[in-house]
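The lines below spell out each chain.
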Amino acid sequence: MKLKISNLSFSYGSERILDRFSLSVREGEFVSIIGPSGSGKSTLFYLIGGLFEPDEGDIYLDGRRINGQRGHIGYMPQQPSLLPWRTVEGNIRLGMELSGSTQMQDIRELLAKAKLEGLERKYPSQLSGGMQQRVAFLRTLVGDHSLLCLDEPFAALDALTRTEMQYWLQERLQEFHYTVLLVTHSIEEALLLSDRIIVVGQKPMQIKKEFSLPFHEIPWKQKRNTSQFMELRHEIEQILAVEGM
Amino acid sequence: MINWLQRFWITPVVLILGVLVWELAVAFFHIEAWILPSPSAIVLELSQSLEHLQEHVLTTLRIALMGMAMGVTIGVCFASMFHLLPPVKKAFYPLILLSQNIPMIALAPLLVVWFGFGDFPKLLVVAIICFFPVTISTLDGLAQTDSMLLTYFRMSGASRWQQFIKCEWPSALPSFFSGFKLSATYSVMGAVIAEWLGAEKGLGKMMIIASKSYATERLFVAILLVVGLSLGLFLLITILEKGLLRKYEGRVNETQNL
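Line by line, the protein sequences give chains A and B. Residue 228 in our numbering sits at position 228 of the first sequence, with consecutive numbering throughout. Heads up, our numbering is the position in the second sequence plus 245, with the first residue counted as 1.
Hints were generated in silico from the structure; no laboratory data involved. Note that the Cβ used here is the ideal one computed from N, Cα and C, for glycine as well. One or more of the hints may lead you astray.
The list that follows gives simulated cross-link-like pairs (lysine-lysine, DSS-like), each with its CA atoms no further than 30 Å apart [said to hold, decoys possible]:
no. : chain 1 : residue 1 : chain 2 : residue 2
1   : A       : K115      : B       : K487
2   : A       : K115      : A       : K221
3   : A       : K208      : A       : K2
4   : A       : K113      : B       : K411
5   : B       : K446      : A       : K115
6   : A       : K208      : A       : K4
7   : A       : K122      : B       : K334
8   : A       : K122      : A       : K2
9   : A       : K223      : A       : K115
10  : A       : K2        : A       : K223
11  : A       : K122      : B       : K411
12  : A       : K221      : A       : K209
13  : B       : K411      : B       : K487
14  : A       : K113      : B       : K492
15  : B       : K446      : B       : K457
16  : B       : K457      : A       : K122
17  : A       : K223      : A       : K209
18  : A       : K4        : A       : K203
19  : A       : K113      : A       : K223
20  : B       : K411      : B       : K334
21  : B       : K446      : B       : K335
Some chain A residues close to chain B (C-beta under 10 Å, calculated; not the full set) [claimed, not checked]:
no. : residue
22  : F45
23  : Q69
24  : L83
25  : T87
26  : S99
27  : H145
28  : F229
Please build the complete structure, drawing on both the sequences and the hints.
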């Protein structure tokens with residue numbers, strides 16, 4: 001098991017955010033967590049990232065307990081959070097600097113592979129929102145962490161850019177083999193990208209239902225049009241409607 | 246340049262008109278030169294004493310620059326320390342605020358008693374005046390670092406020092422420069438006050454002698470030079486700021502469709 005979360009509890013003041021929450025993610029798996037806003041999805045990431053210490057329970061990464069320890073995961077927030085005074089190249093290098101990754105990767109080569117050639121000298125302010133998020137994703141990649149936690153990475157983008165980004169991300173993930181945990185509001189996004197979807201309910205966060213997706217063999221462009229896709233979307237919508245999303 | 250003229254033409258026009266009125270008033274009302282010299286008399290005095298003004302200007306400029314360097318360094322150190330060690334801030338921040346309420350004119354003679362008539366007490370006067378705006382503005386800048394950037398840093402396992410050097414300090418740089426510019430304008434004034442206490446040369450010394458001997462046009466020359474020096478330092482730092490913060494401004498000025 002890549003990531004194993006067992007009986008995790010956490011309170012913010014008197015409010016119980018997580019109550020004996022458990023979740024396991026296999027090596028190389030792409031798991032999406034979808035649920036109403038304010039259900040504690042970001043808090044779960046902060047616990048995995050070591051920003052908060054859980055009240056009870058344990059988090060294991062590759063069999064090692066990482067409760068309250070920072071620097072073990074790659075993290076990408078909703079806002080690109082690029083440093084405005086650094087170039088694209090400098091921002092991506094930050095990912096290596098912070099993780100203390102010794103193996104210096106060729107950033108130009110990485111940009112070219114990600115179809116972003118020629119951007120290395122640009123500043124974030126010169127890029128569109130979608131481009132900024134791509135750079136932020138590459139910054140997360142070069143940190144050399146095997147688990148990536150993506151916290152609604154496309155939520156701030158317009159619908160068209162968002163679709164492009166989902167395709168782009170899926171392409172990148174085929175080149176690099178990572179284990180990914182994605183928090184999202186978008187059912188379609190979860191269906192397109194994931195191997196498994198976990199639908200969660202309001203405070204304290206608990207798992208409503210899990211879906212293993214059968215779309216691996218289906219080409220990207222056709223996924224949306226399969227009857228299974230539409231049925232699953234409908235079913236997840238129903239669960240979330242009950243939760244009042 | 247043309248743009249600049251279009252925006253600020255009114256200031257020089259008002260200035261020239263004012264000087265004109267002053268010149269005419271002095272002539273018309275027969276005002277004594279030791280009460281209010283005419284602008285032309287001041288300019289004449291300036292041109293006649295250029296040679297020996299030089300050493301006064303250089304002396305004052307040296308004290309102002311060295312004192313400012315000291316003050317700005319102390320300011321940055323204080324701001325960094327307060328930011329990184331909140332208990333230290335709690336203990337010393339109110340004291341620093343309090344220190345600014347002590348009138349320099351009362352403190353300066355004490356410094357002379359303690360440290361003599363050399364350069365050191367003069368530098369100290371300038372440094373005490375200059376460190377304060379830098380401390381306050383830098384501290385503000387550090388505290389206003391984007392919380393999303395900080396979350397990213399923490400989640401990515403950045404050490405406290407990495408967070409400070411790579412994120413908080415660069416974020417605070419524009420605020421630091423606001424304080425630095427204020428310090429620069431105060432530094433010349435500080436040097437002049439320091440020289441009033443006892444100096445052999447310098448614009449402060451020149452002012453004292455001029456006012457005691459009713460050489461009012463010389464006093465005005467000294468005032469002009471103090472204003473000129475302050476403005477010059479301010480401009481110099483503004484240019485430095487523009488150069489260093491060009492990247493930061495990119496977010497407003499440059500937009501590209503990608």
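Handout entry: Index of numbered hints that the structure contradicts, given in increasing order
Key = 1, 5, 7, 8, 16, 21, 28
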